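A.B. asks: One line per chain: the protein sequences are A and B, in this order. Under my numbering, residues 15 to 389 are what the first sequence spells out, in order. Under my numbering, residues 15 to 209 are what the second sequence spells out, in order.
Hints are computed from structural coordinates only; laboratory data are not their basis. Just so you know, not all the hints are guaranteed correct.
Stated by the list, open to error - Calculated Cβ distances over 12 Å to all of chain B for the following chain A residues:
| no. | residue |
| --- | --- |
| 1 | Val46 |
| 2 | Ala132 |
| 3 | Ile176 |
| 4 | Gly200 |
| 5 | His228 |
| 6 | Tyr277 |
| 7 | Ser360 |
| 8 | Ser375 |
Stated by the list, open to error - BS3-like mimics (lysine-lysine), calculated; alpha carbons at most 30 Å apart, straight line:
| no. | chain 1 | residue 1 | chain 2 | residue 2 |
| --- | --- | --- | --- | --- |
| 9 | A | Lys347 | B | Lys28 |
| 10 | B | Lys45 | A | Lys386 |
| 11 | A | Lys378 | A | Lys193 |
| 12 | A | Lys347 | B | Lys132 |
| 13 | B | Lys206 | B | Lys187 |
| 14 | A | Lys378 | A | Lys82 |
| 15 | A | Lys296 | A | Lys193 |
| 16 | A | Lys183 | B | Lys45 |
| 17 | A | Lys193 | A | Lys347 |
| 18 | A | Lys317 | A | Lys183 |
| 19 | A | Lys317 | B | Lys28 |
| 20 | A | Lys183 | A | Lys193 |
| 21 | A | Lys317 | B | Lys45 |
| 22 | A | Lys183 | B | Lys28 |
| 23 | B | Lys106 | A | Lys347 |
| 24 | A | Lys386 | A | Lys57 |
| 25 | A | Lys378 | B | Lys45 |
| 26 | B | Lys45 | A | Lys371 |
| 27 | B | Lys28 | A | Lys386 |
| 28 | A | Lys347 | B | Lys45 |
| 29 | A | Lys57 | A | Lys262 |
| 30 | B | Lys132 | B | Lys187 |
Model, not experiment: these values are computed from the prediction. All C-beta atoms in this analysis are idealised placements derived from N, C-alpha and C, irrespective of residue type, glycine included.
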Amino acid sequence: MSSLGNVQPQRISFAEPLGLSSGAVLPEYELVYETYGELNQDKSNAVLICHALSGNHHVAGVYQGDPKSAGWWDNMVGPGKPIDTNHFFVIGVNNLGGCHGSTGPSSINPNTKQPYGASFPFVTVEDWVVTQARLADHLGIQCFAAVMGGSLGGMQALQWSISFPERLKHALVIASAPKLSAQNIGFNEVARQAITTDPHFYGGDFYQHQVVPHRGLRLARMLGHITYLSDDAMMEKFGRDFITSTPKFSLDVEFEIESYLRYQGDKFADYFDANTYLIMTKALDYFDPAQKTNNRLDLALSKVRCRFLVLSFTSDWRFSPARSEEIVEALMKNQLPVSYAQIESSQGHDSFLMENKHYFSVVKAYMNNVLKDIV
Amino acid sequence: MIRFDHQVIGQWIKPRSRILDLGCGDGQLMKYLQQQYHVSGYGVEIEIERVTSAIGNGINVIQRDLESGLSGFAEQSFDTVILSQTLQAMRKTEFLLSDMLRVGREGIVTFPNFGYWKNRWQVINGMMPKSEDMPYEWHNTPNIHLCTLQDFEDLCRRLNIQVIERHVITNGKTVYLAPNLLGSLAMYRVTKFAS
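Throw the hints in and build the complete structure from the sequences for me.
C.D. replies: Here it is, written out as structure tokens:
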């Protein structure tokens with residue numbers, strides 16, 4: 015149950031061209047965002063929440079007349095919640111390249127009056143952080159009280175500390191990693207292949223053909239879902255239960271898990287843009303702040319000024335605790351303030367989205383310190 | 015009211031130095047050292063509820079199991095590594111003591127003295143000892159490696175560890191006479207002998 019009540023997205027246009035890591039330039043673009051709570055007088059209580067692969071700007075609250083539309087982190091953000099909107103001014107933004115209102119592959123290219131499609135440039139975590147900083151400029155926020163996120167969102171929080179060390183006091187990096195492993199890139203590649211080999215993909219320009227690569231996107235999501243859960247969590251939730259009482263000896267849906275994956279895949283393919291999925295997974299793959307410092311993450315973090323909370327989950331094998339600990343060790347090598355906890359959870363990578371007593375207590379305790387740094 | 019053993023530790027560390035507090039619990043000691051002596055560094059704690067309390071106390075805390083050692087902490091990266099009333103609950107005692115002095119220039123080790131007369135008296139009377147610094151029952155104690163002052167000093171000699179200072183306490187007061195008999199809590203400031 016959302017405690018924040020009704021929220022409304024806002025939209026902002028940027029006319030200043032944006033040079034991207036790929037070398038491409040976006041002459042103009044729009045971002046949609048939501049805010050919760052009140053920005054204080056000296057604009058020092060802002061918290062930026064960065065979303066993960068399939069997330070968006072709708073972090074918390076509901077849209078009027080749609081009680082089922084609670085934001086993706088509604089359990090975390092709201093009055094009295096770990097990210098307490100009674101104290102903090104919280105911002106959620108749909109990343110560039112997204113499909114929930116910010117300029118992305120499904121947006122109309124003003125030059126061609128056609129959807130960007132395949133011509134939309136690849137964007138990186140670094141690029142996103144620049145656009146988020148521009149949004150902060152627009153809102154008059156010079157320095158965030160905290161920047162936070164889970165998974166790909168955690169990578170953005172980490173990148174913030176590198177790109178704009180003076181513009182945040184705290185970074186909360188949850189269920190994240192300093193870069194993807196080969197296995198992780200492998201999973202992303204299978205997902206991408208599922209999409210790009212769908213006959214309805216048309217090289218990314220499927221919009222003009224009035225179709226979507228539904229099957230590919232669905233497969234990509236099904237694969238993703240398996241990797242976001244743990245073996246134990248899946249067994250616990252679905253077991254080997256049959257939908258029908260006995261085997262049918264057919265390829266129809268028989269096991270609960272098959273039904274669940276197909277349902278999740280279909281639901282996702284109905285609303286998510288295939289090109290956005292490709293761009294987001296590539297952004298994940300490319301993220302590697304230590305690449306420029308000879309693979310030394312500690313050197314990449316040498317200019318960092320903010321304090322850190324790093325959290326991992328025991329059953330998360332996609333972004334395992336060991337990956338979070340790499341970040342912690344690199345921060346400690348720089349003698350930077352960091353706290354780290356490995357939260358007991360059976361929910362796999364998805365744990366960062368789930369309510370969990372210890373997880374929420376730690377975030378709440380940490381956010382109290384963030385609050386003390388403001389006043 | 016600051017605990018007396020914490021005050022002793024405060025006198026042994028340098029103001030503004032880098033501290034690693036192993037088994038930091040809810041972070042009271044680190045908080046005191048930060049506020050009083052402006053030290054920096056981290057606490058290490060295994061239990062999530064204590065980690066949460068330590069964060070609430072405003073200290074940097076790293077959740078990890080000390081039994082796995084201090085890998086990830088760079089050599090000589092701390093001025094002082096503190097092991098406050100934790101040694102007796104560790105399995106790999108020698109390993110941890112050596113690793114402490116790998117990452118820190120000095121170590122502070124405190125532990126309940128098993129040779130304290132009240133403990134000896136209870137053993138003579140056929141009971142496992144309980145005292146102000148060992149409040150557990152035999153069946154629920156986390157303490158698996160209890161020792162006396164003499165035992166600890168023997169181990170230090172064997173591990174090439176130099177005792178810089180020793181402070182022995184009973185009921186919040188310093189013990190000068192017959193410390194291995196009259197002392198309840200042993201506190202040692204140690205370093206590695208130059209090899």
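A.B. asks: Determine for every hint whether it applies to the structure shown.
C.D. replies: Status of each hint after checking the structure:
1. Val46: 34 Å, holds
2. Ala132: Holds, since 44 Å exceeds 12 Å.
3. Ile176: About 20 Å separates Ile176 of chain A from the closest Cβ of chain B, which puts it past 12 Å; holds.
4. Gly200: For Gly200 of chain A, whose nearest Cβ neighbour in chain B is about 27 Å away, the distance exceeds 12 Å, so it holds.
5. His228: Given that every Cβ of chain B is farther than 12 Å from that of His228 of chain A, nearest at about 43 Å, it holds.
6. Tyr277: Holds, since 34 Å exceeds 12 Å.
7. Ser360: Per Cβ check, Ser360 of chain A is outside 12 Å of chain B; nearest 15 Å; holds.
8. Ser375: Since the minimum Cβ distance to chain B is about 5 Å, Ser375 of chain A lies within 12 Å and the statement is violated.
9. A:Lys347 <-> B:Lys28: Holds - the C-alpha atoms of Lys28 of chain B and Lys347 of chain A are around 21 Å apart, at most 30 Å.
10. B:Lys45 <-> A:Lys386: 15 Å, holds
11. A:Lys378 <-> A:Lys193: 27 Å, holds
12. A:Lys347 <-> B:Lys132: At roughly 45 Å apart (the allowed maximum being 30 Å), Lys132 of chain B and Lys347 of chain A break the hint.
13. B:Lys206 <-> B:Lys187: 28 Å, holds
14. A:Lys378 <-> A:Lys82: 26 Å, holds
15. A:Lys296 <-> A:Lys193: Distance of about 12 Å is within 30 Å: holds.
16. A:Lys183 <-> B:Lys45: 20 Å, holds
17. A:Lys193 <-> A:Lys347: Holds. Lys193 of chain A to Lys347 of chain A sits at ~18 Å (cutoff 30 Å).
18. A:Lys317 <-> A:Lys183: Holds, at about 13 Å.
19. A:Lys317 <-> B:Lys28: 27 Å, holds
20. A:Lys183 <-> A:Lys193: 23 Å, holds
21. A:Lys317 <-> B:Lys45: 26 Å, holds
22. A:Lys183 <-> B:Lys28: At roughly 28 Å apart (the allowed maximum being 30 Å), Lys28 of chain B and Lys183 of chain A satisfy the hint.
23. B:Lys106 <-> A:Lys347: Satisfied, since the Cα-Cα distance of roughly 25 Å is no more than 30 Å.
24. A:Lys386 <-> A:Lys57: 15 Å, holds
25. A:Lys378 <-> B:Lys45: 19 Å, holds
26. B:Lys45 <-> A:Lys371: 25 Å, holds
27. B:Lys28 <-> A:Lys386: Answer holds: Lys28 of chain B to Lys386 of chain A is near 27 Å, not above 30 Å.
28. A:Lys347 <-> B:Lys45: Holds. Lys347 of chain A to Lys45 of chain B sits at ~22 Å (cutoff 30 Å).
29. A:Lys57 <-> A:Lys262: 62 Å, violated
30. B:Lys132 <-> B:Lys187: 16 Å, holds
Checked against the numbered hints given earlier, this structure breaks hints 8, 12, 29; the rest are met.
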